[in-house]
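Enquirer: Given the sequences, and given the hints that come with them, work out the whole structure.
Residue numbers (this note's numbering), protein chains in the order written: chain P, 1 to 238; chain G, 1001 to 1316; chain V, 2001 to 2354.
Among these hints, one or two may not hold up.
[To be verified] Short derived list, chain G residues pointing at chain V, Cβ under 8 Å:
#, residue
1, 1072
2, 1108
3, 1259
4, 1293
5, 1296
6, 1299
7, 1300
8, 1302
[Unchecked claim] Calculated pairs, DSSO-like style, for lysine-lysine (alpha carbon to alpha carbon, straight line, at most 27 Å):
#, chain 1, residue 1, chain 2, residue 2
9, P, 183, P, 197
10, P, 129, G, 1312
11, P, 170, P, 183
12, G, 1160, P, 129
13, P, 76, P, 156
14, P, 156, P, 181
15, V, 2257, V, 2336
16, P, 197, P, 181
17, G, 1160, G, 1139
18, G, 1106, V, 2257
19, V, 2116, V, 2130
20, V, 2116, G, 1106
21, G, 1312, G, 1160
22, P, 76, G, 1139
23, P, 3, P, 183
24, G, 1160, P, 76
25, V, 2116, G, 1291
26, G, 1291, G, 1139
27, V, 2130, G, 1291
28, V, 2336, G, 1097
29, P, 3, P, 181
30, P, 129, P, 181
Rather than coming from a laboratory, the hints here were simulated on the basis of the structure. This one's a predicted model, so the numbers in the text were calculated from it and none came from an experiment. Ideal placement from N, C-alpha and C gives every residue a C-beta, glycine not left out.
So you can see what is in the structure, the chains are spelled out below.
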Amino acid sequence: MSKPILSLNNLRAGYGQTEILHDLSMFVQPNEIVAVIGPNGAGKSTAIKSVLGLLNISQGSVELHGEVITNTPAAKVVELGISYVPQNQNVFVNLSVKENLEMGAWTRPIGIPERLNDMYALFPDLAEKRNQTAGSLSGGQRQMVAMAKALMVDAKILLLDEPTAGLSPKYRSEIFETIQKIKNTGVPVLIVEQNAKQALAVSDRGYVLVDGANRHTGTGVDLLADREIARMFLGGGH
Amino acid sequence: MWNSFGFEFINFYFIPGLVLGCIYALGAIGITLTFSILRFANFAHGETMMTGAYLTWTVMAICSGVLGFAVHPLVAAVPATLLVVLLFLVTDRYFYKPFRQADTIKVVMASFGMMLIIRSAVQVIWGPNQLTFVPGIAKPNAYLKDWSGSIDFLLLIPNKHLFIFVGTIAFMMALSYLLNKTRIGKAMRAVSDSPDLAHVTGINVDQVIRATWIVGGACAMAAGVFLAMDIQMLETTMGFRMLLPMFAAAILGGIGKPYGAVLGGLVIGLAEELSAYPWIGDGPLLSPGYKTGVAFAIMVVMLIVRPQGLFKGRSF
Amino acid sequence: MDFGILLYVLSLLTVGGIYAIFALGLNVQWGFAGLFNVGIVGFAAVGAYTYALLTTAGSTYHLGGFGFPLPFGMLVAMITAAIVAGLIGLICIRLRSDYLAIATIGIAEIIKLIFKNETEITNGPRGINKIPRFWEHFSEERFYSSWPLSWFGTPEAWDAFFNSLPNWWWQPFFASTVLLIMYVIYRMLERARIAPWGRMMTAIRENEPAARASGKNVTARRIEAFVIGAAIMGLAGALFAQHLRLIEPTNTFDPAKVTFLVWVMLILGGSGNNRGAMLGAFLIWTIWSASELIITGAIDLLIDIFDGVDMGSLRTRAGFLRMMLIGLLLQVILQKFPRGILPEVRPASPKGIN
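Expert: What follows is the structure, given as structure tokens:
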């Protein structure tokens, strides 16, 4: 097992006084896609937000490359190379696609033109829409902008919060393909997903969260094959 | 219909309306930026404008009284601008920043308090009485007369109005460049779009807020000096008088839309002046005493009919 | 000397009481309903002018006066302010707080504009004078020569009687009346606060979506609070007019001295707490008028020391210095003691209505 890039160790965290995560542990290694699935309210998104320093961590730690970054403010976390794509409102709707990407590079202002070209190569759809405002794009294209924007900082890891929520099946597949492409560029990805089946199919490993703690862990394939998980989240007895 | 009626209309109603509109526009830019980036209605904005004009007057007085040479208000405005920006930044640091995470209304209240503090401070320092800003009568330049040879074509524009027009256009161009071409300007638009996303994108929001005060301060400063140049005097209530029309302009244009604010300012300025034009019969349509009411009426209608403003700004 | 102090205390109580009524009105709007009204001065002016026009003796300078009984004038002052508030409420209450603030400050200015420009009705900037003041008005001929005083004595007898009184005789009575009105309003608001209505207001303020979801008509409740608060302010405005006896649109109704002071009073005393509102009013008013004495005294001292130096401008500016200090006080309270001296006490909700 190679050394994890990001690890969450025995986290207890929540908003204000309300604790949502009770003893959560997970990690992401280089070159892997990790999916976090679970029922609504299990604390999937909260797990990601705890990395960004967006909530109160009362116990446990978050480590990046073995260095403790618990409760570091979001701006600093981004500077350290953790990129995050929120579920909603993840693009600046009044800014053009190009400007969105430039904003993504706020913490690494050098070499922006080169990285812009990298992104247009990775997301060909965006290249031709670079001067349109993000608000004028479709949901799937916005998601692409959001991911490209997050990758503008030479991310060490990409955190995606439900990237396919509300998208058509066509776009859903496209997003999952793109996530695999991102992994192939050397950036590990942590995805929180409702579409458990598709997410696990592209993932190297997965975590099943229930009530703010991880219930099951395993490779994507193993979890997909697990009958209990199938019954719980995947619908029917697949 | 360019007859002597038109002469009166253009020179005594339309041009003054444009001048007033430019002043409102510059003030409203600051209001709309603060409203959209810091998310509160800054009640102290008018007072800052007024303070800027007083500081300019002081620089002019020092130059002519102590150093022995007269300077143009626009030159004196440059050092005064630095002081106004400083005033904005200090105010933000000590009176607004503590409420950044709190309810919006707290910081609105703080700005309401600042409005009174700044005005009282000006009244203590410079006294409550009117001061003469630029003495004498501004001689209007006559345009188009020689070309037509007829009085009906006469355009009367004093230099001060030319300064105001050119200055406003220059400010608009600079602002447009800033917001669309520079990194900090784009970040200002990004924060205005979504502060939360800007935060998790790693944008330095504090830096953006400082930039907002600097830009808003410079525009407020220009508006204050232009107003003082236009009315040729200073009074401590001039900022408060501007406040409502500026809010109206910002709302009319759509909160967070600087160009909308400019258009809103021009519309309000023209509406105020043209409301006194004898459209029907001989007397003014609306008694000049009610000018301020025009801005308010437009604002209220806007809030009912289209709260997001002409340019689809943010509505709350 | 002692006697002078007594009169000074009486005047403190009178004006403090009027401000306390303003603060109680604001507490209904802000403390109960969370409505940010910065147009207090507008409602004060509406109340004051309504009262003045209705109760003054006939005059060639302005509309009326109609010479109506004083309590009637005060009642109509309340109703007029309430109607104005209702109209504003219908338009603005659904908007975000900042917009309500802008709209109310605007309305206040427009109201003043109307009073300034409609010279036929209000005598414009010259204002209305000889406004009858409760109790003192009995010593005017038009009052002692008509009912109810005329039932008890002839005009001559009353004239002689009032002439025999010291000229401050009405002061304790007027102060008591103001304090009584304040007390009655306080009791009524306490009732309202503890009643289901008050608890509903708290629920709406704390969590509007939840209140809306549970079927409460949030907009209607807010307008109610706005209107009730404005009616109280209208009444305070009528008392303010009585206290001053001369009102004009600009200086009498200076937003700094009405709207702003009342806000500082409520925030200092504790928004949401009726006792706090009254305490804050008396406290700030005492500080305000005492600081006037102190600053004036200090300037006199300076004039004594630096004989011959012109201190006239200093004297006029001292008032602004006071305003500035009160403004700073507000900032300190907002940041350090946001809950005020007497913080809000939540009424118990036995049936879990919230």
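Enquirer: Each hint: holds or not?
Expert: Against the structure, the hints:
Given the 8 Å rule on beta carbons, the hint for residue 1072(G) is violated: about 29 Å separates it from the nearest Cβ of chain V. Of the supplied interface hints, the one on residue 1108(G) holds, with its beta-carbon coming within about 6 Å of a beta-carbon of chain V, less than 8 Å. Checking residue 1259(G) against chain V: minimum C-beta separation of about 21 Å lies over 8 Å; hint violated. Below 8 Å, beta-carbon pairs count as interface contacts, and residue 1293(G) has one with chain V at about 5 Å; its hint therefore holds.
A least Cβ separation of about 4 Å between residue 1296(G) and chain V falls short of the 8 Å threshold, and the interface hint therefore holds. Given hint, residue 1299(G) at the interface with chain V, holds; its Cβ is 7 Å from that chain's nearest Cβ, closer than 8 Å. Using the Cβ-Cβ criterion of 8 Å, the hint placing residue 1300(G) at the interface with chain V is satisfied: the shortest such distance is roughly 6 Å. Taking 8 Å as the C-beta cut-off, the interface hint given for residue 1302(G) is violated, the closest approach to chain V being about 10 Å.
Between residue 183(P) and residue 197(P) the CA atoms are separated by roughly 19 Å; this keeps the pair inside 27 Å, and the hint holds. Under the criterion of a C-alpha separation no larger than 27 Å, the hint pairing residue 129(P) with residue 1312(G) is consistent with the structure, at around 23 Å. Proposed proximity of residue 170(P) and residue 183(P) is supported: the alpha carbons are some 20 Å apart, at most 27 Å. At roughly 46 Å between alpha-carbon atoms, residue 1160(G) and residue 129(P) are farther apart than 27 Å, so this suggested pair is violated.
Between residue 76(P) and residue 156(P) the alpha-carbon distance is near 14 Å, which keeps this suggested pair within the 27 Å criterion. Straight-line distance between C-alpha atoms of residue 156(P) and residue 181(P) comes to about 15 Å, which keeps the hinted pair within the 27 Å bound. Simply put, residue 2257(V) and residue 2336(V) have alpha-carbon atoms about 24 Å apart, close enough for the 27 Å limit, and the pair holds. Among the hinted pairs, residue 197(P) with residue 181(P) is consistent with the structure: their alpha-carbon atoms are about 19 Å apart, no more than 27 Å.
Between the alpha carbons of residue 1160(G) and residue 1139(G) the distance comes to roughly 9 Å, so the proposed pair stays at or under 27 Å and holds. Our distance criterion of 27 Å between C-alpha atoms is met by residue 1106(G) and residue 2257(V), whose separation comes to about 21 Å. At most 27 Å may separate the alpha-carbon atoms for a hinted pair to count; residue 2116(V) and residue 2130(V) meet this at roughly 18 Å. With a CA separation close to 33 Å, the supplied pair residue 2116(V) and residue 1106(G) exceeds the 27 Å bound.
Taken as a hint, the residue 1312(G) and residue 1160(G) pair is broken in the structure, with Cα atoms around 34 Å apart against an allowance of 27 Å. In summary, the hint linking residue 76(P) to residue 1139(G) is not supported, as the alpha carbons are separated by about 59 Å, beyond the 27 Å threshold. Between the alpha carbons of residue 3(P) and residue 183(P) the distance comes to roughly 17 Å, so the proposed pair stays at or under 27 Å and holds. With a C-alpha separation of about 49 Å, the suggested pair residue 1160(G) and residue 76(P) falls outside the 27 Å cut-off, and the hint is violated.
Among the hinted pairs, residue 2116(V) with residue 1291(G) is consistent with the structure: their alpha-carbon atoms are about 13 Å apart, no more than 27 Å. Taking the CA atoms of residue 1291(G) and residue 1139(G), the gap is near 26 Å; set against the 27 Å cutoff, the hint holds. Between residue 2130(V) and residue 1291(G), the direct Cα distance comes to roughly 31 Å. Violation of the 27 Å bound is thereby established for this hinted pair. A C-alpha spacing of about 14 Å is found between residue 2336(V) and residue 1097(G), which places the hinted pair at or below 27 Å, so the restraint holds.
A threshold of 27 Å between alpha carbons decides the hint, and for residue 3(P) with residue 181(P) the separation of about 22 Å falls inside it, so the pair holds. Straight-line distance between C-alpha atoms of residue 129(P) and residue 181(P) comes to about 20 Å, which keeps the hinted pair within the 27 Å bound.
When the structure is compared with the earlier hints, violations turn up for hints 1, 3, 8, 12, 20, 21, 22, 24 and 27 and for no others.
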